[in-house]
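What follows is the residue order along each chain.
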Amino acid sequence: MCDREKDTNVRLSLPAVCVVWQTAMIILFGVFIRYDHESDAHWVEHRKHLNLTDIENDFYFRYPSFQDVHVMIFVGFGFLMTFLKRYSFGGVGFNFLIAAFGIQWALLMQGWFHSLDYTDGKIKIGIENLINADFCVAGCLIAYGALLGKVSPVQLMVLTLFGITLFAVEEFIILSLIHARDAGGSMVIHTFGAYYGLSISWMLYRPNLHQSSRLQGSVYHSDVFAMIGTLFLWMFWPSFNSAICDHGDGQHRAAINTYLCLASTVLTTVAISSLFQKHGKLDMVHIQNSTLAGGVAAGTAAEFMLMPYGCLIVGFCCGVISTLGYIFLTPFMEKRLKIQDTCGIHNLHAMPGVIGGIVGAVTAASASVEVYGHEGLVNTFDFEGKFKDMVPTTQGGHQAAGLCVALCFGIGGGIIVGAILRLPIWGDPADDDCFDDETYWEDVRICNVKSEVSRLDLNGPLPCFLSFSHWTKMFISYNQ
Amino acid sequence: MCDREKDTNVRLSLPAVCVVWQTAMIILFGVFIRYDHESDAHWVEHRKHLNLTDIENDFYFRYPSFQDVHVMIFVGFGFLMTFLKRYSFGGVGFNFLIAAFGIQWALLMQGWFHSLDYTDGKIKIGIENLINADFCVAGCLIAYGALLGKVSPVQLMVLTLFGITLFAVEEFIILSLIHARDAGGSMVIHTFGAYYGLSISWMLYRPNLHQSSRLQGSVYHSDVFAMIGTLFLWMFWPSFNSAICDHGDGQHRAAINTYLCLASTVLTTVAISSLFQKHGKLDMVHIQNSTLAGGVAAGTAAEFMLMPYGCLIVGFCCGVISTLGYIFLTPFMEKRLKIQDTCGIHNLHAMPGVIGGIVGAVTAASASVEVYGHEGLVNTFDFEGKFKDMVPTTQGGHQAAGLCVALCFGIGGGIIVGAILRLPIWGDPADDDCFDDETYWEDVRICNVKSEVSRLDLNGPLPCFLSFSHWTKMFISYNQ
Amino acid sequence: MCDREKDTNVRLSLPAVCVVWQTAMIILFGVFIRYDHESDAHWVEHRKHLNLTDIENDFYFRYPSFQDVHVMIFVGFGFLMTFLKRYSFGGVGFNFLIAAFGIQWALLMQGWFHSLDYTDGKIKIGIENLINADFCVAGCLIAYGALLGKVSPVQLMVLTLFGITLFAVEEFIILSLIHARDAGGSMVIHTFGAYYGLSISWMLYRPNLHQSSRLQGSVYHSDVFAMIGTLFLWMFWPSFNSAICDHGDGQHRAAINTYLCLASTVLTTVAISSLFQKHGKLDMVHIQNSTLAGGVAAGTAAEFMLMPYGCLIVGFCCGVISTLGYIFLTPFMEKRLKIQDTCGIHNLHAMPGVIGGIVGAVTAASASVEVYGHEGLVNTFDFEGKFKDMVPTTQGGHQAAGLCVALCFGIGGGIIVGAILRLPIWGDPADDDCFDDETYWEDVRICNVKSEVSRLDLNGPLPCFLSFSHWTKMFISYNQ
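As given, the protein sequences belong to chains C, E and G, one line each in that order. Going by my numbering, the first residue of the first sequence is number 15, and it counts up by one from there. Going by my numbering, the first residue of the second sequence is number 15, and it counts up by one from there. Going by my numbering, the first residue of the third sequence is number 15, and it counts up by one from there.
Hints should not be assumed to be uniformly reliable.
Because identical chains share one entry, a pair is satisfied inside a single copy or across any pair of copies.
To be verified - No more than 27 Å apart at the CA atoms, straight line, and that leaves these computed lysine-lysine pairs for DSSO-like:
1) Lys-62 with Lys-402
2) Lys-20 with Lys-292
3) Lys-62 with Lys-400
4) Lys-349 with Lys-400
5) Lys-349 with Lys-62
I should point out that these hints are in silico values taken from the structure, not numbers from a laboratory.
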């Protein structure tokens with residue numbers, strides 16, 4: 015197959031997908047989605063009946079965290095993917111597109127499983143549903159990280175449609191059927207999302223990707239842009255892991271645990287990055303990514319009594335493992351396993367996600383009434399209703415089972431969706447057009463020589479001198 | 015008139031305006047402004063008297079939203095205007111200046127109309143006043159969008175002084191006299207602000223603006239900077255529309271409605287942008303701006319029972335209309351109507367604002383006790399005091415009247431202020447100096463050959479040696 | 015000493031410091047740190063006992079402010095230091111590293127002084143401790159501002175270790191022993207941090223720093239990056255100053271005071287910046303820094319009844335003094351006092367911090383029952399326990415004493431730590447390697463001509479044609 019002949023024209027497919035799916039959303043929302051009792055105008059009467067004050071509306075417990083999570087999804091993930099020298103538009107722009115579609119589809123999918131009011135067959139949404147929709151989208155954005163620069167926006171929309179669907183089923187099995195706890199989604203979001211993306215990347219393997227290797231790196235300012243993403247993810251991760259925890263001590267503890275885990279990760283990331291480079295220089299890729307691994311790993315156990323020193327230990331290990339992953343594993347995976355992972359999500363989400371799942375299982379299994387208090391134990395692990403007879407050790411087993419389900423859904427789902435995305439109808443780029451914004455964006459104006467000239471022009475009297483020196487310079491650099 | 019002769023020296027006028035007006039603010043604040051009962055030290059006694067807990071201080075209901083709105087005003091609007099290749103300083107810097115002045119003047123103007131304590135003649139301010147001041151400033155920042163790159167900072171200060179004054183009067187008429195509801199300010203902020211700016215731009219029409227057309231575009235990284243503005247506006251718009259809604263379900267519902275509206279807008283913006291370009295490529299201008307139109311249009315009806323599917327429909331339409339506006343209307347307005355609209359605020363604020371006003375009127379007119387509950391209806395539409403006999407249908411009429419008032423104030427005020435700004439005393443730039451930071455900023459160092467030269471220059475005294483040393487350096491680095 | 019021979023290899027020292035200190039943190043956290051009663055799983059029982067609702071958990075009073083402060087520390091301080099053309103990685107990256115280490119050490123140091131539970135010898139942490147840890151780190155980040163570009167990451171780690179230690183002792187003396195109030199840390203954070211950094215800079219004076227003067231400036235886009243830092247600091251400063259104030263009116267008033275102070279500062283900064291430049295052009299350095307001086311000065315008196323007009327006056331003065339400092343004082347200090355202050359922290363933190371301390375002393379001394387109410391006075395100044403007999407005038411004296419302590423600790427501590435940092439073992443850069451990311455970062459890829467060439471290369475097969483076409487293009491664009 016001559017890649018040169020690939021057709022990246024998405025002028026019909028992209029508008030069609032956007033308009034048709036958005037119309038479908040309108041119809042499905044019309045049929046199914048209504049406000050829940052805390053966001054409905056009847057709440058004034060309702061709260062008097064329950065003898066609540068306005069401030070006890072769930073909105074005030076969760077809205078600040080929601081906005082932080084929202085920033086992580088759109089600015090955090092978006093800007094983290096601007097690091098390539100010529101794919102910043104695609105990184106932040108397509109992230110924006112698929113997240114905006116994904117949250118709508120997630121409200122429906124998660125609603126059917128978790129928020130369906132059986133009295134009238136409607137899904138009732140409130141602030142917690144918005145947070146969960148953002149979480150659900152995060153799985154797909156993680157998957158995008160492995161495919162960054164190699165797929166078309168239409169492929170990304172398809173990836174999101176199936177990703178959200180798989181996520182909702184997987185989440186229902188893990189949280190509701192298996193009764194695993196996963197407040198920050200180490201298993202449900204990160205493990206699933208990362209293996210979903212890696213499997214798709216394996217299915218879409220491009221043996222000739224080196225043809226666009228000239229664009230597969232960063233420049234100075236694109237690295238600084240990526241730091242915006244890194245820092246907003248890093249700073250708001252405590253909100254991510256605490257956003258849907260229990261009111262009160264649950265949210266409080268989850269924020270503290272995540273904060274500590276992340277702090278510890280930064281130091282070991284710097285240590286390993288420096289240790290493996292000549293002269294101990296730091297690598298921006300590690301600082302941008304591995305520093306976040308602690309937040310991923312703190313997800314499942316965030317609301318447990320992980321203890322402050324426990325958090326630091328988890329963060330310590332994640333920083334080491336994730337950075338080593340970038341140094342040794344990513345090249346190995348590309349060469350031997352034929353998995354091309356643009357952003358290194360295996361190091362940032364997959365491995366730390368699995369670690370998080372294991373930490374969650376161990377912490378749950380070792381929970382005791384002494385540490386949690388009786389009510390605290392029931393409250394934290396939700397040993398109520400049909401699960402009222404569960405004990406910590408069995409909970410630990412259920413956590414481990416949850417991790418396996420996440421892995422299976424990620425890998426299995428990724429292979430199936432990858433097969434679909436291989437169809438030659440989605441407008442994906444040729445091997446030498448990858449990582450290039452010109453493929454899908456109009457009028458990409460790189461800071462160029464022409465503008466340079468028009469400026470110099472003002473200061474110097476001799477145009478030919480200017481051009482000549484410039485010419486010489488370019489000739490030399492060509493010969494390098 | 016030979017534009018070349020325009021004097022852009024603002025060394026007297028800018029410091030004079032800043033110092034004199036700031037001094038006036040100090041005097042007026044001294045005479046008029048005090049803390050309200052929730053921010054005064056007497057509150058400790060006060061709350062015991064009312065049997066409230068600390069958490070029921072209005073601060074905790076509104077502060078998270080306030081900070082989000084604050085980010086929208088300074089980072090959102092500021093960075094959205096950095097998209098021009100050589101006017102990023104002016105975009106974010108002058109935005110900063112006029113917003114900082116505007117919030118002070120707004121506290122006074124809005125205070126006289128809304129927060130005056132008649133017992134002592136003082137304006138009592140709390141967190142809600144700060145939010146309203148930010149809202150008030152938003153109107154002027156929107157107007158700045160039409161004028162970006164074509165006016166001096168002194169003109170912007172004048173625009174803000176009059177803009178805030180007009181805003182406060184218009185707002186008082188619409189909200190208090192007419193009793194229209196406008197939580198997110200589709201009419202009061204966006205329609206007014208946009209037509210105010212467009213009218214001024216019409217009055218300041220520059221027939222020879224093409225002389226600086228070389229600078230009237232973006233470069234790669236300035237577009238990425240603008241995406242910071244876009245995303246912070248997009249993410250925090252739910253806070254904007256819910257910030258001053260009723261405690262409890264009002265704020266909760268407004269946030270959900272805006273979130274859904276915005277999600278839907280992104281998809282139709284992408285669809286239309288792709289449909290009208292060769293090969294279906296996306297245009298960054300549309301992604302940066304039209305994706306926000308849904309937030310504007312959700313403003314008036316944000317706290318009404320617009321229903322989730324209703325929000326998606328509003329967003330759908332706004333994405334389509336706003337993007338089509340950028341493609342067809344902006345060039346038409348510039349050519350035929352002599353309105354030069356740098357940021358396309360007609361597409362982002364004016365049209366969606368009017369749509370928002372209409373949606374608000376229709377939603378209000380069709381409100382029913384069935385949907386809202388009796389108390390909910392009274393609460394949502396504030397049918398109390400002298401308006402206790404109003405019904406939804408009359409409310410709908412009042413909403414429509416409010417929209418007309420906003421339009422009249424915007425267009426009328428803009429023409430008058432535009433006439434004032436045409437006086438040749440404000441230091442505005444010549445036609446071929448527009449969109450250029452060098453006009454008002456010291457020492458603008460573009461990443462270029464010149465800076466390279468000025469660097470090398472330090473090492474050698476001779477210009478030819480300069481080129482030679484550069485050549486040598488490169489030759490050496492080649493041979494390394 | 016021949017600077018050329020300096021060894022900037024940190025391949026052993028940096029990993030060693032990171033790993034050993036992080037391990038020490040784990041051990042110390044294991045021995046000392048536990049959850050406090052509001053973040054412990056026992057809280058469910060605890061709150062029922064106290065008859066509290068979940069929303070009265072301190073988490074909900076402070077978490078939104080905490081996240082804002084967190085953004086200031088990592089994005090605000092980090093990006094403010096990206097302004098140098100070639101030291102953006104170092105600015106934002108090393109800021110990240112030392113803040114992540116500092117918050118852990120601060121939790122311990124501050125914990126021993128303020129949160130030690132004497133019943134079991136453990137430090138009990140909650141959300142307020144996290145905020146205080148961020149505050150504590152701010153002092154060290156301010157100090158980094160004076161040293162930006164001239165020190166190695168290992169030196170920064172040492173600076174942070176000692177800085178946090180000194181901070182905790184100084185804070186204990188000022189707040190607990192002297193009983194000064196300092197909600198926003200004008201004295202404790204800014205005065206201390208700035209003089210600590212300036213003293214270190216004086217000890218590390220580099221007479222030949224001009225050798226890297228080519229890099230000691232900004233480029234266009236690095237200035238825009240720095241504006242991200244400026245704006246996030248400016249916007250969230252009200253959260254900084256109110257974060258640990260009393261619940262209710264205290265936090266409310268502190269936010270309002272800071273907001274007003276900052277607004278006023280912007281106008282006078284612009285005025286002075288314009289007044290002292292040819293043609294009244296603005297200087298980005300002033301806009302980036304001096305606009306923040308009002309927030310620093312509002313720190314101590316933030317929760318006092320400073321009155322809105324009082325805030326505007328403080329802001330007015332700070333804008334003037336800070337900008338004049340950049341114009342006159344910074345060059346003077348470098349030449350005469352041998353203090354090289356890269357970011358001008360003397361103008362942004364030191365002088366405004368001292369002003370803030372004085373404003374706090376005056377405001378406290380002039381407090382009256384009439385203005386505060388009896389309970390309000392006791393509540394605001396914490397005239398309880400062994401300080402129950404204090405009156406405002408004595409409180410004013412104590413405030414002034416606090417300021418002196420902060421100055422002494424800053425200058426004295428800085429001289430001692432500076433002496434330690436002069437040891438030739440820390441891998442600091444040579445004089446002509448300062449302000450250059452290539453010293454400590456791998457693979458720094460400046461946007462350059464070479465990448466342009468590699469692109470053009472694709473269009474033409476012949477190297478000389480390539481250069482020729484480029485030459486032609488440049489010639490044509492010149493003639494346009």
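Now the hints, each set against the structure:
no. : hint                 : in the structure
1   : Lys-62 with Lys-402  : between (31 Å within a copy, 21 Å between copies)
2   : Lys-20 with Lys-292  : between (41 Å within a copy, 16 Å between copies)
3   : Lys-62 with Lys-400  : between (31 Å within a copy, 25 Å between copies)
4   : Lys-349 with Lys-400 : neither (49 Å within a copy, 71 Å between copies)
5   : Lys-349 with Lys-62  : neither (65 Å within a copy, 59 Å between copies)
Of the hints listed earlier, those the structure fails to meet are numbers 4, 5, in rising order.
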